[in-house]
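**Q** Sequence:
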Amino acid sequence: MNTVQTENPKQFLNRLINKKIRIFLKWGQYYEGVLIEFDKYFNFVLSECKEYDNEFINEMGSIFIRCNNVKTVQEILDL
Numbered sequence: 224m225n226t227v228q229t230e231n232p233k234q235f236l237n238r239l240i241n242k243k244i245r246i247f248l249k250w251g252q253y254y255e256g257v258l259i260e261f262d263k264y265f266n267f268v269l270s271e272c273k274e275y276d277n278e279f280i281n282e283m284g285s286i287f288i289r290c291n292n293v294k295t296v297q298e299i300l301d302l
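So the sequence shown is numbered by this note's numbering: it starts at 224 and just counts up by one.
Keep in mind that a hint or two might mislead.
Beta-carbon label-pair distances, calculated as ranges [claimed, not checked]:
| no. | residue 1 | residue 2 | range |
| --- | --- | --- | --- |
| 1 | 289 | 243 | 30 to 36 Å |
| 2 | 231 | 300 | 16 to 22 Å |
| 3 | 275 | 240 | 19 to 25 Å |
| 4 | 281 | 229 | 34 to 40 Å |
| 5 | 281 | 226 | 38 to 44 Å |
| 6 | 226 | 291 | 19 to 25 Å |
| 7 | 282 | 242 | 16 to 22 Å |
| 8 | 301 | 228 | 19 to 25 Å |
| 9 | 234 | 281 | 28 to 34 Å |
| 10 | 229 | 283 | 20 to 26 Å |
In case anyone wonders, no lab produced these hints; they're calculated from the structure. Backbone N, C-alpha and C fix where the C-beta goes; we use that ideal spot for every residue, glycine too.
Using the sequences and the accompanying hints, generate a full structural model.
**A** What follows is the structure in structure tokens.
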């Protein structure tokens, strides 16, 4: 049986600094990039960012994502 580890959001995000993540927005789009920083409100800055809406749309470089648009954050694990 697998064991679930609990982690508060700040611990989770601090662990992801300088790693590739995927941020899903409430509207269905998502962004993949390297997490550079986040603030106490959970606004995000990503570098090397790519935009998707079921398929690749655009390379965006560095972007800021405001907290009220974020649905979920996911680590991208390289296989």
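**Q** Hints first: check each against the structure and report whether it holds.
**A** Do the hints match the structure? See the list:
1. 289 - 243: 30 to 36 Å: 21 Å, violated
2. 231 - 300: 16 to 22 Å: Roughly 21 Å apart at Cβ, these two residues keep to the hinted range, so it holds.
3. 275 - 240: 19 to 25 Å: For residue 240 against residue 275, whose Cβ atoms are near 22 Å apart, the range 19 to 25 Å holds.
4. 281 - 229: 34 to 40 Å: For residue 281 and residue 229 the Cβ distance comes to about 36 Å; the hint holds.
5. 281 - 226: 38 to 44 Å: Check passed, 40 Å falls within 38 to 44 Å.
6. 226 - 291: 19 to 25 Å: Since residue 226 and residue 291 have Cβ atoms about 33 Å apart, the given range 19 to 25 Å is violated.
7. 282 - 242: 16 to 22 Å: 19 Å, holds
8. 301 - 228: 19 to 25 Å: 21 Å Cβ-Cβ, so the 19 to 25 Å window holds.
9. 234 - 281: 28 to 34 Å: 32 Å, holds
10. 229 - 283: 20 to 26 Å: 33 Å, violated
This entry does not satisfy hints 1, 6, 10, going by the numbered hints stated previously.
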